[in-house]
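Here are the chains, one letter per residue:
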Amino acid sequence: MAEETEEGGLVFHPMDQFIVKPLFGDGPINWYTPTNVTFWMALAILCVVALLVLGTRGRAVVPNRIQSIAELAYGFVYKMVEDVAGKDGLKYFPYIMTLFMFIVFSNFLGLLPLSFTTTSHIAVTAVMAMAVFITVTVIGFVKNGAGFLSLFWISSAPLVLRPILALIEVISYFVRPVSHSIRLAGNMMAGHAVIKVFAAFAAVVAIAPLSILAITAIYALEVLVSFIQAYVFAILTCVYLKDALHPHH
Amino acid sequence: MEGDVVQMGAYIGAGLACTGMGGAAVGVGHVVGNFLSGALRNPSAAGGQTATMFIGIAFSEALGIFSFLVALLLMFAV
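Heads up: the sequence lines are chains A and B, in that order. Read in my numbering, the first sequence has 290 at position 199, and its numbers run on one by one without any break. Read in my numbering, the second sequence has 53 at position 52, and its numbers run on one by one without any break.
One thing to keep in mind: the hints can contain errors.
If you want the ones that stay clear, here's a sample from chain B, every Cβ over 10 Å from chain A, calculated [as the list claims (entries may be wrong)]:
| no. | residue |
| --- | --- |
| 1 | Gly24 |
| 2 | Val33 |
| 3 | Phe36 |
| 4 | Ser45 |
Keeping only pairs whose Cα atoms sit at most 25 Å apart, straight-line, the calculated SDA-like set for lysine to any residue is [unchecked claim]:
| no. | chain 1 | residue 1 | chain 2 | residue 2 |
| --- | --- | --- | --- | --- |
| 5 | A | Lys287 | B | Val71 |
| 6 | A | Lys287 | A | Val128 |
| 7 | A | Lys182 | B | Thr53 |
| 8 | A | Lys170 | B | Thr51 |
| 9 | A | Lys333 | A | Phe318 |
| 10 | A | Lys182 | B | Ala52 |
| 11 | A | Lys287 | B | Leu73 |
| 12 | A | Lys182 | A | Leu142 |
| 13 | A | Lys170 | B | Ile56 |
| 14 | A | Lys170 | B | Ile58 |
| 15 | A | Lys178 | B | Ala52 |
| 16 | A | Lys178 | A | Val128 |
Just so you know, these hints were derived from the structure itself, not from any lab. Each residue gets a CB set at the ideal place from its N, CA and C atoms; glycine is no exception.
So that you can see chain B by itself, here it is in the shape it has in the complex (with noise of 0.2 Å):
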């Protein structure tokens, strides 16, 4: 009974875990909106930036990757 307990702990954590991802997608829907306002007011200068885009979304990425392995760990390592 007691380890039911701590399992359903494990899979309601794993469940809120997964909502650091919709923080992932607000940063990375962030940063390439901007980047495409940017980059349609002066599109000359767009296709220099796009890997530092890449290296943005790259970063914010890594967050909701993060809650993912966190998800992850709860539900298979706890």
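One chain only, chain A, in its complex shape (with noise of 0.2 Å):
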């Protein structure tokens, strides 16, 4: 894929970064084959036990960097899920915190340089965004029976408009899954590319310091992105959440 331009433009290409290879040899991926992709996201959850495990294991009252992080982490999901989900959205907070943390730590682990990002293909996320769907349509017609339906059906509209809503209801509801996942990967793919692009003109002479510092600058935004598509997702959650527990609008 890497190929010389003659002015010294584009020295690869910007997608590059997102080829799932085989980690050992360049034999052919099968379903059982370790990838880099593999790789990344043990990594990922690597990261989120040393963290909460090793990180909370000392249970001081005065805590240390690590243990406050993790602390924070925490309080901070279970705040979200509270005040979005309500009080009968924390029996799911577990997995709300788990797909937090191993997206803001996939996400991170992605910003480094030479690695991969997990999350940057639409795959990975497709299936925490199909869990989540699935998750919480189970959750909606277990907890309200036929109920669940009435969120399709808005008894504060009038009758007349009630059949088109709730149409443009159901569409909307299975379009989520799609929408959920592509937003992350979206954002993840289009950041890294844009940061990539940038390296590119960086061999450029006429304008590498200019291009330095847009990386710089990206990169910046890129950190932020980061977080703030994890915490997108695990919001997003919450309130299909919501919308499962209370249809009713």
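The task is to assemble the complex, starting from two chains supplied on their own in separate frames and drawing on the hints.
This is the structure in structure tokens:
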């Protein structure tokens, strides 16, 4: 994929960083082949475990740095679930905490130079979004029975409009996993591709200082975006959960 | 030759699809701007509403991401 152009323009393709490669050798990729995706996902999980398990092992009254980060993360997600999904949503707090920590660490690890962003692949985010979608739908039907369908039948709207609104609500309900997964993957992919495009411009002497400044600025933005996208993914899960627990508008 | 025309169409379409991102930019700016103007009128109530702001941003941003997806599909999948 890497090709030299004559003017010294793009020396590598900005999308090269998203290629899934086997970790050892060059063989074909089967479902059991350890790839760079496997590696960086495992690393993300290791980081979460290190932060939450090893960090809180001391259980100090005055927490050290790593313990206070773990406590802050826990408190942040706990408050988010409580505020958005309500008190009865707290039963599902572990699930949302798991999602949030995994996404936040995948995103941050992807920011390391030469690393691989697992969440930039729609295959990864689609599995998480479909899991959220199925979980929430099942919870909705188990908790409310057929009453869950009143989510689509807005009783506060005029009767004439209700069938049309119901159609729109049904469509928007089924688009949820699509937008949920593509939002995260798209943001990660676009941000990293932009960094790589500016990195390629750094090879052109005339604009190299400008492009290095731009990389720095965009990198800072990407750190922010990485966190915000994990937050948005978690908070939307809470919103969907709230809809499932209380479908009446 | 025919393949070239198809590819040209795909590339032009990908470029046109990117105009949708401008709409998402307007939407996100509108959400945050209105949040800010509301927050400056009543700063004590602003803290509790940041989550709502982020949900609004996420919903309007999703449509921009859809146009990005269409562009990617035209570039790599068609």
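To see whether the hints hold, each was checked on the structure:
1. Gly24: 15 Å, holds
2. Val33: 12 Å, holds
3. Phe36: 15 Å, holds
4. Ser45: 16 Å, holds
5. Lys287(A) - Val71(B): 21 Å, holds
6. Lys287(A) - Val128(A): Measuring from Cα to Cα gives roughly 19 Å; hence the hint holds.
7. Lys182(A) - Thr53(B): Answer holds: Lys182(A) to Thr53(B) is near 22 Å, not above 25 Å.
8. Lys170(A) - Thr51(B): 13 Å, holds
9. Lys333(A) - Phe318(A): 23 Å, holds
10. Lys182(A) - Ala52(B): 20 Å, holds
11. Lys287(A) - Leu73(B): Distance of about 17 Å is within 25 Å: holds.
12. Lys182(A) - Leu142(A): It holds: about 23 Å lies between the C-alpha atoms, which stays within 25 Å.
13. Lys170(A) - Ile56(B): Holds, at about 16 Å.
14. Lys170(A) - Ile58(B): The hint holds at about 20 Å.
15. Lys178(A) - Ala52(B): 17 Å, holds
16. Lys178(A) - Val128(A): Outside the cut-off at roughly 36 Å; violated.
The structure shown violates just one earlier hint, number 16.
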